[in-house]
Amino acid sequence: MNGFFANLAFLNPTALLALLALPALYLLLRVTPPTPKVVAFPALRLLEGLQPKQNTPSHTPWWILLLRMLMAALLLLALARPVLNPLEATETRGDVLLLVDNGWSAAQNWDDIQTAAENQIKQAARNNQQMRIMATTSAEAGTAPALPEPSTESDALSELRATKPHPWKPDLESVAEAVDAFDGTVIWFSDGVRHLKHNALIDALENKSGFAVYAPASVDLPLALKSDEGFSTQPEIEIEGPSTGRDTPIRVQLLGERGTLLDEIAVETAGESFPLTASFDIPSSLQNRVSSFQISGARGANAKYFLDNVGGPKSVGIVSSAEIAQTRQFTEDSFYLRKALEPYASVSQGSLDDILAIEPSVIILPDIGTMPQDALNSLSTWVDEGGLLLRFAGPNMTQSNRQNALTPLPLRPEARNVEGSLSWDKPLKIEPLTPDSPLYGIGLDDQIEVSGQILPAVSADTGDENAAQSWMLLEDGTPLITAKQQEQGLLVMVHTTASPLWSDLALSGVYVDMLKRIMTFAGQSNAINTNRVGSLQPVRIMDGFGTLQSPGQKVKPLDLATVDEYAPSPDHPPGFYAAGGLQQAFNLGDSIPEIKAIASESNLTLHPYGQSYETDLIPNLLAAAFILLIIDALIMAFLSRNFARIKIPFAKTVSVFAVFALLTLSPMKAAAQQNADASKDLYLAYIQTGNADIDNTTRKGLEVLSAALNIRTSAEPAGVQSVNPETDVLAFYPIIYWPISSSQERPSAEAIRNLQDYLDHGGTILVDTRQGSARSEDLQRLMGGLNIPPLQEIPEDHVLSRAFYLLDNYPGRFENAKLWVENQNTNDRDGVSSVILGGNDWAGAWSELTVIERNNRQYMTGKSERHEMSIRFGVNLVMYALTGNYKTDQVHVPHILERLDQ
Amino acid sequence: MPGFPNLRTEAERTASQIPDIKRLAVRTAYHILHGNNPQRRAGSGDAFWQFREYQPGDMPRDIDWRQSAKTDRVFIRQKEQHSAQTCLIWAKRNTDMRFQSEGSQYSKQDAAAVIGLTLALLHSRMGELVGFPATGRAGHSEKKLQEFEQTLMEAAPESMPSAFQMPKHAHFYAISDFLEPPAEIEAAFSGHGARTQNGAFIHVLDPAEIELPYEGRILFEDMYGQKSQLVSNAVDIRQDYAERIQAQIDTVRDLAMKWGWRYVLHRTDTPFEDTLKTLWLAEARI
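If you read the protein sequences in the order shown, they are chains A and B. For the first sequence, the working numbering puts the final residue at 902, and the numbers step up evenly by one. For the second sequence, the working numbering puts the final residue at 1188, and the numbers step up evenly by one.
Bear in mind the hints are in silico, worked out from the structure with no lab data behind them. Just so you know, even glycine gets a beta-carbon here, dropped at the ideal spot from N, CA and C. Do not take every clue at face value.
[To be verified] No farther apart than 25 angstroms at their CA atoms in a straight line, the calculated lysine to any residue pairs in the SDA-like style are these: (1) K37(A) x Q1002(B); (2) K1129(B) x T35(A); (3) K37(A) x T997(B); (4) K37(A) x Y1126(B); (5) K1129(B) x V39(A); (6) K37(A) x K1129(B); (7) K37(A) x M1125(B); (8) K37(A) x D1124(B); (9) K680(A) x V729(A); (10) K37(A) x A1144(B); (11) K37(A) x Q1128(B); (12) K37(A) x Y1143(B); (13) K1129(B) x Q488(A); (14) K1129(B) x V38(A).
[As the list claims (entries may be wrong)] Quick list of the computed label-pair ranges, beta carbon to beta carbon: (15) L22(A) x G1127(B): 32 to 38 angstroms; (16) R1140(B) x M636(A): 33 to 39 angstroms; (17) A692(A) x G1005(B): 30 to 36 angstroms; (18) P1084(B) x D632(A): 29 to 35 angstroms; (19) D632(A) x G1127(B): 26 to 32 angstroms; (20) K1129(B) x P61(A): 54 to 60 angstroms; (21) L22(A) x P1084(B): 53 to 59 angstroms; (22) A692(A) x R1140(B): 47 to 53 angstroms.
Modelling step: build the complete structure from the supplied sequences, incorporating the hints.
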């Protein structure tokens, strides 16, 4: 309520003084009885002296007084021209230049900036001022903001709407030059963040005849996520922000692949100073799925932080006996490998035959010298077909009967032991990686020492592409990791042990990074040869709002050698850049040293942005007064009819109305109780959007559908339930209808988890964008946190088209939106897609039908062919959700064949 | 006049509803009351009145030779003075008469005008002279009827007929709502009551004035907006009012009876024909 009144302003406040006259009005009304009806009557003489015997009150009843006082007060308030969220537009004279900030920091408050600029444009147009509009950030490399030509109102507006924030810095120096060249008033719609050359612009502004600066409130200033060094186990991210007062916690989300929400924590800001650190504590099984961080509720590339992509999940098979591994844990190679890989891949362990049977993408042979010949052959075939074989050296490989097959280079028969009692060498360190190594980019630890090694018999890198390569060398130039392509596959040899027996490698983080990197080459062994020297090519880049997109032509690659020196620019927007299997995230936050508010240092007068659009309250007040007037008139009509008789019933009526109004105002209380019967019967469910209109339509539609099912099929839903994914148990419902509405708030983490759980355990959600198209911005907003399997356009022979009726298309209120379902091959849910996505507004079509009951039988009325088809889709849908692929069998085959013949 | 494109048409229609033959029969049978009306004095009629001695100045052709021969004086034969009977129709035409409640079809003035004109037509067809009191001579020409019609529709402030000379035995119809105090009514008509027995009161009242159908809090005003009375609940006084209006009706009827006049109550929501038939048949019965 406070917030409501805080945004209330009166454009004509003097009218409020008239409210003081209300007591006088009260007295006046109190003594004036209700106006009698005037009747001209010739026989007046005969009426003289006739008076009713009953006494009637001479005063107006208090509640009529109250009503009329309220009416008068409303009218007076309306005269005072109240507005919610009054417009902020600065009065200017002469030519006006609008500077619109659209650097990375503008995305957070972009709507405010645009609205304010729009208002200013409209005002300038009203005042017949010449206006120019200029964005402070150049969209393309090589161009700088320059003073634009004057434009008309519509041009300025369309230019403003075409302006988008960019995920790099504004060019304030050029802007300052343009401002210098301009003569008139300058209005700067700033994003509130101090950028380079800020002072130059302020100086230029202060030389102008008039200027105004808008800036967001300090709590609305953008925050940035950055990470100077990576994290080892638990995810951690730094939050950079302006130093000025913010006392609400910042919610940071941890996302997995495809935007799945893994965790969300609140970072307290009260009394703290930036940078803050957000530390997550998540189960280790989730740790390998972390792919990005984002600040909840924030917009812009600065509020997202992506981690380097390790490629999709891999399955790794370690050839080792599980029993041995258990008994000799800390000396066993497979123990270290499992510990290192488990967070990032599904690891299985067993004999070679077992491993080959599950067809992993990577097979690791730790310290295995000899293998049966047939096992060797099948392993070789597996490598030829694209497998990645990773071998570790070890004592077993020094056996005399070892085989040289399936290694990148022939090996010497004996181990090189540099730390033995007979050796005078010191343990060797690892040589820094060269850019041409596929492992380039891994942060090496100079503490690592290698004391044992099996050397190859010949040297690597003969220049031949098919020859073996050295990926990592020791300081004396001997190879530590070698690799060689074999047909489609790849052989990688680590010339030391997977356990700490011969080196510290297995005890360091390098071990994990190295394994992760090597795993990225699984299935794409060619990647090791492609273009890894020069540069990282853009793969996906971020726009100003932090949305990943395909890169345009103008985006240039990053040079690998100097990759850490780049700052985001039109040439190099933040995003993902890749070379071969190495996909590197280029984050905006890392190039933001600190965020300073312009308010903190300059003594500028900053105008705040309006929170939202101005709302004129006059129509509402007048409407309310008018309704009161009608009520008053009705009361008077009742009263003049029979005052005494109506008095008591009226009081009752009022109380009944009041109770009714209270009930309608608090429907949530009634709806909050979870139904206990949902588990006993079949209920159709829909997700509450919070928009009463849509919810009612959906409920009505589902009720019609449920009636149709009862009439036509043996599926007999007992009713319709609205569900709130945050609080309700969803497991009872075979299908949930989700109408997408812009008024629905983004589901909370709890709701997302609940929905995800529902989907993962056999639930089906029909998502309806209700717009005649499956695309919807709200869709991304509402369902962004859900891990939804890849969808495909519904195939013609999908079981949904014949679960009950034979359907060609799936119309609702619209007909043409495509229907998207999960790819049937990829799921094991009896062929039922967990998500069905469309936009035909089926519930809308269903709700247009009426179910009438006659002689205890239900009928549907008001049908057109489209309605019938939409109901048929609904029937099919429920049947599909209930029976799965049951109908994919032969039931309809004769008919289908018959049709095909025709 | 709303609802009345043509008063004359309406009146003609009403008049045509009454069978001419029957009327003629009534007229013939009671000619002393209707039609050729003997003046009971010597005149230019056909019927014998008296013999009188010839005096200088008498027309020689009037000498009744047979009678003169009986004696030695000369007699002239005097015939009864014949003159068509006069029918005077007066209607109250002030603002009171404009009253028309929701339930009624016509205002009282309209109703009065239709009734008055119908009577005028009927009487003029009988050859009588029809006129509005104190507005020049009565006649039965078309022109006179038009004048009469005009007069009926004009507004006039008085609530009672002003003094006029009532021909003896003339037909006289007073059409009014008779809402004035009975004393006033008696004073205005008592002189005429002595002059003729062929008078009639036609009491035109709006149903609202009889039943007082109003409910709730009502400010009653007179038709001039000068006097008013606030009634907090009209329903409660309905009974009392009904007694009063009935008393008024009875008083007016008694007055009529006193002079041997006829009395008819016409409600503006009932057809004119009924009222006129009652009037006419009552006349026939005399």
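Comparing the hints with the structure gives:
no.	hint	result
1	K37(A) x Q1002(B)	holds (17 angstroms)
2	K1129(B) x T35(A)	holds (17 angstroms)
3	K37(A) x T997(B)	holds (21 angstroms)
4	K37(A) x Y1126(B)	holds (17 angstroms)
5	K1129(B) x V39(A)	holds (12 angstroms)
6	K37(A) x K1129(B)	holds (15 angstroms)
7	K37(A) x M1125(B)	holds (15 angstroms)
8	K37(A) x D1124(B)	holds (14 angstroms)
9	K680(A) x V729(A)	holds (14 angstroms)
10	K37(A) x A1144(B)	holds (21 angstroms)
11	K37(A) x Q1128(B)	holds (16 angstroms)
12	K37(A) x Y1143(B)	holds (19 angstroms)
13	K1129(B) x Q488(A)	violated (116 angstroms)
14	K1129(B) x V38(A)	holds (12 angstroms)
15	L22(A) x G1127(B): 32 to 38 angstroms	holds (34 angstroms)
16	R1140(B) x M636(A): 33 to 39 angstroms	violated (22 angstroms)
17	A692(A) x G1005(B): 30 to 36 angstroms	violated (49 angstroms)
18	P1084(B) x D632(A): 29 to 35 angstroms	violated (46 angstroms)
19	D632(A) x G1127(B): 26 to 32 angstroms	holds (27 angstroms)
20	K1129(B) x P61(A): 54 to 60 angstroms	violated (30 angstroms)
21	L22(A) x P1084(B): 53 to 59 angstroms	holds (55 angstroms)
22	A692(A) x R1140(B): 47 to 53 angstroms	holds (51 angstroms)
Violated hints, in rising order: 13, 16, 17, 18 and 20; the structure is consistent with all others.
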